[in-house]
Amino acid sequence: MDSREDMERLIFFEATREKAAANYARCPEDADNLTQWGGALLELAHFRQGQDQLNMIEESESKLREALAINPKKHETLWCLGNSHTAHGFLLPDSGKANEYFKKASDCFKKALDEEPKSELYMKSLEMSAKAPNVYVELQRQVLSQQLGIGGSGSGGGANLSAKGRKKKQNNDFKYDVLGWAVLVLGVVAWLGMAKIAPPRAL
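First residue of the sequence shown? That's 33 in the numbering used here, and the numbers climb one at a time after it.
It should be emphasised that the hints constitute simulated quantities derived from the structure, not laboratory data.
Fair warning: this is a prediction, and the values are worked out from it, not measured in the lab.
A hint or two may mislead.
Pairs of lysine to any residue residues, derived as SDA-like cross-links and limited to a Cα-Cα distance of at most 20 Å, are as follows [stated by the list, open to error]:
id, residue 1, residue 2
1, Lys136, Pro165
2, Lys105, Gln83
3, Lys163, Glu152
4, Lys105, Lys51
5, Lys135, Leu145
6, Lys156, Ala101
7, Lys150, Pro165
8, Lys105, Asp62
9, Lys105, Glu152
10, Lys51, Ser35
11, Lys163, Arg173
12, Lys163, Leu124
13, Lys129, Ala162
14, Lys135, Leu176
15, Lys142, His107
16, Lys135, Leu180
17, Lys135, Lys163
18, Lys136, Asn103
19, Lys142, Asp126
20, Lys129, Gln85
21, Lys136, Arg173
22, Lys135, Leu171
23, Lys105, Ser151
24, Lys105, Lys129
25, Lys135, Arg80
26, Lys129, Gln83
27, Lys129, Glu152
Distance windows between CB atoms, simulated [to be verified]:
id, residue 1, residue 2, range
28, Arg80, Arg58, 41 to 51 Å
29, Glu90, Ala47, 14 to 24 Å
30, Ala54, Asp126, 34 to 44 Å
31, Ala54, Leu180, 42 to 52 Å
32, Gln179, Lys150, 20 to 30 Å
33, Ser177, Pro104, 40 to 50 Å
34, Leu42, Leu86, 27 to 37 Å
Each residue gets a CB set at the ideal place from its N, CA and C atoms; glycine is no exception.
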(Lines of atoms letter the chains of each structure in order from A; the text may use other names.)
(Lines give C-alpha, C1' and ligand atoms only; values in the text may rest on other atoms or scores of the structure.)
Protein backbone atom coordinates (compact mmCIF):
# COMPACT_ATOMS: atom_id res chain seq x y z
CA MET A 33 0.00 0.00 0.00
CA ASP A 34 1.50 3.36 -1.01
CA SER A 35 1.65 6.47 1.15
CA ARG A 36 -1.15 8.16 -0.80
CA GLU A 37 -3.59 5.36 -0.03
CA ASP A 38 -2.42 5.34 3.58
CA MET A 39 -3.18 9.05 3.87
CA GLU A 40 -6.63 8.59 2.34
CA ARG A 41 -7.41 5.81 4.80
CA LEU A 42 -6.10 7.86 7.71
CA ILE A 43 -8.28 10.83 6.77
CA PHE A 44 -11.32 8.64 6.19
CA PHE A 45 -11.15 6.75 9.47
CA GLU A 46 -10.29 9.86 11.45
CA ALA A 47 -13.44 11.47 10.04
CA THR A 48 -15.39 8.32 10.93
CA ARG A 49 -14.08 8.46 14.48
CA GLU A 50 -14.97 12.14 14.87
CA LYS A 51 -18.46 11.56 13.51
CA ALA A 52 -19.00 8.61 15.86
CA ALA A 53 -17.84 10.67 18.84
CA ALA A 54 -20.30 13.43 17.93
CA ASN A 55 -23.12 10.92 17.50
CA TYR A 56 -22.26 9.34 20.84
CA ALA A 57 -22.73 12.69 22.59
CA ARG A 58 -26.30 12.78 21.24
CA CYS A 59 -27.14 9.09 21.58
CA PRO A 60 -24.78 7.10 23.84
CA GLU A 61 -26.79 3.87 23.54
CA ASP A 62 -26.48 3.46 19.77
CA ALA A 63 -24.72 0.10 19.38
CA ASP A 64 -24.19 0.62 15.64
CA ASN A 65 -22.42 3.91 16.24
CA LEU A 66 -20.25 2.43 18.99
CA THR A 67 -19.32 -0.42 16.68
CA GLN A 68 -18.30 1.97 13.92
CA TRP A 69 -16.33 3.98 16.46
CA GLY A 70 -14.49 0.90 17.69
CA GLY A 71 -13.78 -0.18 14.12
CA ALA A 72 -12.38 3.23 13.18
CA LEU A 73 -10.12 3.21 16.24
CA LEU A 74 -8.82 -0.22 15.32
CA GLU A 75 -7.99 0.97 11.81
CA LEU A 76 -6.34 4.13 13.12
CA ALA A 77 -4.18 2.02 15.43
CA HIS A 78 -2.42 0.77 12.31
CA PHE A 79 -0.93 4.25 11.91
CA ARG A 80 0.46 4.36 15.46
CA GLN A 81 3.47 2.70 17.03
CA GLY A 82 4.43 1.32 20.42
CA GLN A 83 2.31 2.23 23.40
CA ASP A 84 0.20 4.68 21.37
CA GLN A 85 -0.87 1.82 19.12
CA LEU A 86 -1.70 -0.41 22.07
CA ASN A 87 -3.65 2.39 23.78
CA MET A 88 -5.77 2.92 20.68
CA ILE A 89 -6.51 -0.79 20.38
CA GLU A 90 -7.57 -0.84 24.04
CA GLU A 91 -9.84 2.13 23.36
CA SER A 92 -11.32 0.23 20.42
CA GLU A 93 -11.98 -2.76 22.67
CA SER A 94 -13.67 -0.49 25.21
CA LYS A 95 -16.09 0.97 22.65
CA LEU A 96 -16.91 -2.46 21.28
CA ARG A 97 -17.57 -3.91 24.73
CA GLU A 98 -19.84 -0.95 25.39
CA ALA A 99 -21.75 -1.77 22.20
CA LEU A 100 -22.09 -5.41 23.26
CA ALA A 101 -23.43 -4.34 26.64
CA ILE A 102 -26.29 -2.76 24.68
CA ASN A 103 -26.69 -5.58 22.16
CA PRO A 104 -24.80 -8.75 23.21
CA LYS A 105 -25.72 -10.64 20.04
CA LYS A 106 -24.62 -8.06 17.49
CA HIS A 107 -22.43 -10.22 15.28
CA GLU A 108 -20.63 -7.35 13.53
CA THR A 109 -19.47 -6.06 16.91
CA LEU A 110 -18.40 -9.51 18.08
CA TRP A 111 -16.36 -9.96 14.92
CA CYS A 112 -14.77 -6.55 15.26
CA LEU A 113 -13.88 -7.19 18.89
CA GLY A 114 -12.28 -10.45 17.81
CA ASN A 115 -10.06 -8.49 15.43
CA SER A 116 -9.16 -6.04 18.20
CA HIS A 117 -8.21 -8.87 20.54
CA THR A 118 -6.09 -10.47 17.81
CA ALA A 119 -4.22 -7.23 17.11
CA HIS A 120 -3.77 -6.71 20.86
CA GLY A 121 -2.27 -10.16 21.28
CA PHE A 122 0.32 -9.67 18.55
CA LEU A 123 1.58 -6.50 20.23
CA LEU A 124 2.28 -8.15 23.59
CA PRO A 125 5.80 -9.41 24.39
CA ASP A 126 4.55 -12.13 26.76
CA SER A 127 3.29 -15.25 24.97
CA GLY A 128 1.00 -16.25 27.83
CA LYS A 129 -0.84 -12.93 27.79
CA ALA A 130 -0.88 -12.92 23.99
CA ASN A 131 -2.54 -16.34 23.94
CA GLU A 132 -5.18 -15.08 26.36
CA TYR A 133 -6.15 -12.44 23.80
CA PHE A 134 -6.09 -14.97 20.97
CA LYS A 135 -8.49 -17.11 23.02
CA LYS A 136 -10.76 -14.11 23.55
CA ALA A 137 -10.65 -13.47 19.81
CA SER A 138 -11.66 -17.05 19.01
CA ASP A 139 -14.55 -16.82 21.45
CA CYS A 140 -15.76 -13.63 19.76
CA PHE A 141 -15.54 -15.18 16.29
CA LYS A 142 -17.44 -18.26 17.49
CA LYS A 143 -20.21 -16.11 18.93
CA ALA A 144 -20.38 -14.05 15.74
CA LEU A 145 -20.64 -17.24 13.69
CA ASP A 146 -23.36 -18.56 15.98
CA GLU A 147 -25.40 -15.45 15.22
CA GLU A 148 -24.62 -15.52 11.48
CA PRO A 149 -23.80 -19.16 10.61
CA LYS A 150 -23.56 -18.60 6.85
CA SER A 151 -20.93 -15.86 7.04
CA GLU A 152 -17.81 -16.95 5.18
CA LEU A 153 -15.93 -14.02 6.69
CA TYR A 154 -16.66 -15.19 10.23
CA MET A 155 -15.75 -18.76 9.32
CA LYS A 156 -12.44 -17.61 7.86
CA SER A 157 -11.72 -15.40 10.86
CA LEU A 158 -12.30 -18.34 13.21
CA GLU A 159 -9.99 -20.54 11.13
CA MET A 160 -7.26 -17.91 11.13
CA SER A 161 -7.59 -17.27 14.86
CA ALA A 162 -6.60 -20.88 15.50
CA LYS A 163 -3.30 -20.16 13.73
CA ALA A 164 -2.57 -16.99 15.71
CA PRO A 165 -0.42 -18.60 18.46
CA ASN A 166 1.90 -20.20 15.89
CA VAL A 167 2.11 -16.99 13.88
CA TYR A 168 2.95 -15.13 17.10
CA VAL A 169 5.82 -17.53 17.85
CA GLU A 170 7.18 -17.08 14.33
CA LEU A 171 6.94 -13.31 14.63
CA GLN A 172 8.85 -13.32 17.92
CA ARG A 173 11.48 -15.61 16.41
CA GLN A 174 12.02 -13.27 13.49
CA VAL A 175 12.23 -10.22 15.75
CA LEU A 176 14.85 -11.96 17.91
CA SER A 177 16.75 -13.08 14.82
CA GLN A 178 16.83 -9.51 13.54
CA GLN A 179 18.04 -8.17 16.88
CA LEU A 180 20.84 -10.74 17.05
CA GLY A 181 21.80 -10.01 13.47
CA ILE A 182 22.09 -6.30 14.13
CA GLY A 183 24.13 -6.89 17.29
CA GLY A 184 26.50 -9.41 15.71
CA SER A 185 29.73 -8.76 13.83
CA GLY A 186 31.88 -10.63 11.37
CA SER A 187 33.82 -10.48 8.12
CA GLY A 188 32.38 -9.91 4.70
CA GLY A 189 30.69 -6.65 5.61
CA GLY A 190 28.99 -6.16 2.26
CA ALA A 191 27.49 -9.62 2.20
CA ASN A 192 26.46 -9.35 5.84
CA LEU A 193 24.77 -6.01 5.26
CA SER A 194 22.95 -7.43 2.27
CA ALA A 195 21.76 -10.44 4.26
CA LYS A 196 20.68 -8.21 7.13
CA GLY A 197 18.81 -6.00 4.72
CA ARG A 198 16.93 -8.96 3.28
CA LYS A 199 16.21 -10.30 6.75
CA LYS A 200 14.93 -6.91 7.91
CA LYS A 201 12.68 -6.59 4.86
CA GLN A 202 11.31 -10.10 5.36
CA ASN A 203 10.65 -9.36 9.02
CA ASN A 204 8.93 -6.07 8.22
CA ASP A 205 6.82 -7.77 5.56
CA PHE A 206 5.85 -10.45 8.07
CA LYS A 207 4.85 -7.85 10.67
CA TYR A 208 2.74 -6.07 8.06
CA ASP A 209 1.03 -9.33 7.13
CA VAL A 210 0.24 -10.11 10.76
CA LEU A 211 -1.14 -6.69 11.64
CA GLY A 212 -2.84 -6.48 8.29
CA TRP A 213 -4.64 -9.73 9.05
CA ALA A 214 -6.07 -8.26 12.22
CA VAL A 215 -6.52 -4.66 11.19
CA LEU A 216 -6.66 -4.02 7.46
CA VAL A 217 -9.29 -6.65 6.71
CA LEU A 218 -11.64 -4.76 8.96
CA GLY A 219 -11.55 -1.55 7.01
CA VAL A 220 -11.26 -2.93 3.50
CA VAL A 221 -13.95 -5.60 3.76
CA ALA A 222 -16.55 -4.64 6.30
CA TRP A 223 -16.68 -1.24 7.84
CA LEU A 224 -17.14 0.83 4.70
CA GLY A 225 -20.32 -1.12 4.08
CA MET A 226 -21.47 -1.05 7.68
CA ALA A 227 -20.97 2.70 8.03
CA LYS A 228 -22.68 3.22 4.67
CA ILE A 229 -20.04 5.77 3.74
CA ALA A 230 -18.21 5.74 0.45
CA PRO A 231 -14.41 5.61 0.75
CA PRO A 232 -12.47 8.63 -0.50
CA ARG A 233 -11.86 8.55 -4.21
CA ALA A 234 -8.36 8.67 -5.60
CA LEU A 235 -7.83 11.79 -7.66
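> When you check the alpha-carbon spacing of Lys135 and Leu176, does it fall within 20 Å?
Replying inline: Judged against 20 Å, a Cα distance of about 24 Å means the pair is violated.
> Does the Cβ pair Ala54, Asp126 satisfy 34 to 44 Å?
Replying inline: Taking Cβ atoms as reference, Ala54 and Asp126 lie about 37 Å apart, which means the hint holds.
> Quick one, are Lys105 and Ser151 close enough, alpha carbons at most 20 Å?
Replying inline: holds, 15 Å
> Does the Cβ pair Ser177, Pro104 satisfy 40 to 50 Å?
Replying inline: holds, 43 Å
> Between Gln179 and Lys150, does the beta-carbon spacing fit 20 to 30 Å?
Replying inline: Violated: the Cβ-Cβ distance is about 45 Å, outside 20 to 30 Å.
> Between Lys105 and Asp62, is the straight-line Cα distance small enough, at 20 Å or below?
Replying inline: holds, 14 Å
>> Lys105 and Gln83 were given as a pair; does the straight-line alpha-carbon distance stay at or below 20 Å?
In response: violated, 31 Å
>> Lys142 and His107 were given as a pair; does the straight-line alpha-carbon distance stay at or below 20 Å?
In response: Given pair Lys142, His107 holds - Cα atoms ~10 Å apart, limit 20 Å.
> Given the hint that Lys135 pairs with Arg80, does the C-alpha gap stay at or below 20 Å?
Replying inline: violated, 24 Å
> Given the hinted pair Lys129 and Ala162, is their alpha-carbon gap at most 20 Å?
Replying inline: holds, 16 Å
> Are the Cα positions of Lys136 and Arg173 separated by 20 Å at most?
Replying inline: Measuring from Cα to Cα gives roughly 23 Å; hence the hint is violated.
> Within 20 Å, alpha carbon to alpha carbon, are Lys163 and Arg173?
Replying inline: holds, 16 Å
Taken one by one, the earlier hints fail for this structure at numbers 2, 4, 6, 7, 10, 14, 16, 19, 21, 24, 25, 27, 28, 32 and 34, listed in ascending order.
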